[in-house]
Amino acid sequence: MWHGMGDNCCDDLSMGRVKLLIQKEIPNIYIHSIKIGETPTSDRSFGFFGNINKHIDQACQQLQEDPALSNGYNGLGFSQGGLFMRALLQRCPYPKMKKLVTFGSPHAGVASPPSCKQGDFLCEAMRRSISNGVYSYYIQNSIIQAQYYKDPKRIDEYLKNSIFLPYINNEIEVNQTYIDRIKQLEKFVVIKFTLEKMIDPVESTWFGFYGKNGNPLPLQDTDLYKQDRLGLKYLDEKDKIDFLELETLHMQIPDHYLVEVASKYFKDPAPEIPDFFVQAYN
Numbered sequence: 708m709w710h711g712m713g714d715n716c717c718d719d720l721s722m723g724r725v726k727l728l729i730q731k732e733i734p735n736i737y738i739h740s741i742k743i744g745e746t747p748t749s750d751r752s753f754g755f756f757g758n759i760n761k762h763i764d765q766a767c768q769q770l771q772e773d774p775a776l777s778n779g780y781n782g783l784g785f786s787q788g789g790l791f792m793r794a795l796l797q798r799c800p801y802p803k804m805k806k807l808v809t810f811g812s813p814h815a816g817v818a819s820p821p822s823c824k825q826g827d828f829l830c831e832a833m834r835r836s837i838s839n840g841v842y843s844y845y846i847q848n849s850i851i852q853a854q855y856y857k858d859p860k861r862i863d864e865y866l867k868n869s870i871f872l873p874y875i876n877n878e879i880e881v882n883q884t885y886i887d888r889i890k891q892l893e894k895f896v897v898i899k900f901t902l903e904k905m906i907d908p909v910e911s912t913w914f915g916f917y918g919k920n921g922n923p924l925p926l927q928d929t930d931l932y933k934q935d936r937l938g939l940k941y942l943d944e945k946d947k948i949d950f951l952e953l954e955t956l957h958m959q960i961p962d963h964y965l966v967e968v969a970s971k972y973f974k975d976p977a978p979e980i981p982d983f984f985v986q987a988y989n
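Reading the sequence shown from the start, the letters are residues 708 to 989 in our numbering.
FYI, nobody ran anything at the bench for these hints, they're computed from the structure.
There may be inaccurate statements among the hints.
[Said to hold, decoys possible] Pairs of lysine-lysine, BS3-like flavour, derived with a Cα cap of 27 Å:
#	residue 1	residue 2
1	K805	K919
2	K726	K803
3	K904	K919
4	K919	K867
5	K971	K805
6	K890	K974
7	K971	K867
8	K726	K945
9	K894	K731
10	K890	K945
11	K731	K806
12	K803	K971
13	K860	K894
14	K824	K894
15	K904	K860
16	K726	K933
17	K947	K974
18	K974	K806
19	K945	K904
20	K726	K904
21	K919	K940
22	K919	K803
23	K860	K919
24	K805	K867
25	K945	K805
26	K803	K904
27	K894	K947
Please build the complete structure, drawing on both the sequences and the hints.
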């Protein structure tokens, strides 16, 4: 799993708690929480600063070096961590990701900088940097949120200078490998918070974004879907993508809902009893 902005891999009140809740529901599950950097503190900092392309390479290496994941794994991403987990699926050749669940993730980017909690100096530094030149070389290579910032009024600049999102969304050139790896998913689950105030527009969590007229477009009305530039139309037609809604603010996930999602998508189904076995007891 990959945490969101302002969080880290292992905090007892966030990802640590998520891990315990899921393990209580699925006792034999193995959970690898992605950490960029040597410590949880540096991991949190790297959620704001650095080059996400390099972070994804590091995460890929982590998974490849974990023998417990050699037969494949399910991905779980929170907020921007869901976007990064999806990029990991597209770019990391092995181990194979089987299912992907994302909570409130800006898959189509954000049109305004994410808001900050009061007193979060790292977050405030990120917002100042974005306002000072989001598509400059320096900001693009040092501020994580700038790398998925998509100004609907500056699309040409975005396509020319953004180092991450237009590539991972096949907006410049179509990378067939990205499409193939998304198509191989057994299930892709995208969860939208209906009271969302962090991700602009909220439709981005379902791959929608602002259209040319300034109004948000649902995924199905975008070129991304119509031209199937990521394989999402394919998944939709195969009933392999679930669009879910949760009536909460950003990342305010009730414990019971998290457990329900984990149980539905990550728990191995009970083995079917062979007919001959059933008949023996008829």
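Review point. Is the hinted pair K890 and K945 satisfied, with a Cα-Cα distance of at most 27 Å?
Key: The given pair, whose Cα atoms are some 10 Å apart, holds under the 27 Å limit.
Going straight from one Cα to the other, do K904 and K860 come out at no more than 27 Å? Judged against 27 Å, a Cα distance of about 21 Å means the pair holds.
task = For the pair supplied as a hint, K945 and K904, confirm whether the alpha-carbon distance does not exceed 27 Å.
result = At roughly 32 Å apart (the allowed maximum being 27 Å), K904 and K945 break the hint.
task = For the pair we were handed, K971 and K805, check the Cα-Cα distance against 27 Å.
result = holds, 14 Å
### Message
Tell me if the straight-line CA distance from K860 to K919 falls inside 27 Å.
### Response
holds, 9 Å
Item to complete: Below or equal to 27 Å on CA atoms is what counts here, so check K726 against K945.
Response: violated, 31 Å
Worksheet item: Is K919 within 27 Å of K867, Cα to Cα?
Response: holds, 18 Å
Tell me if the straight-line CA distance from K803 to K904 falls inside 27 Å. violated, 33 Å
Sort out whether K806 lies within 27 Å of K731, counting only the CA atoms.
holds, 20 Å
- Message: For K919 and K803, compute the direct alpha-carbon distance and say whether it is at most 27 Å.
- Response: violated, 37 Å
Report task. Quickly compare the C-alpha distance for K860 and K894 to 27 Å and report which way the hint goes. Result -> Judged against 27 Å, a Cα distance of about 34 Å means the pair is violated.
Note to self: Would the hint linking K894 and K731 be met if the CA-CA limit is 27 Å?
What the structure shows: Holds: K894 and K731 sit about 23 Å apart, inside 27 Å.
Violated hints, listed in ascending order, are 1, 7, 8, 13, 14, 16, 19, 22, 24 and 26; each of the other numbered hints is respected by the structure.
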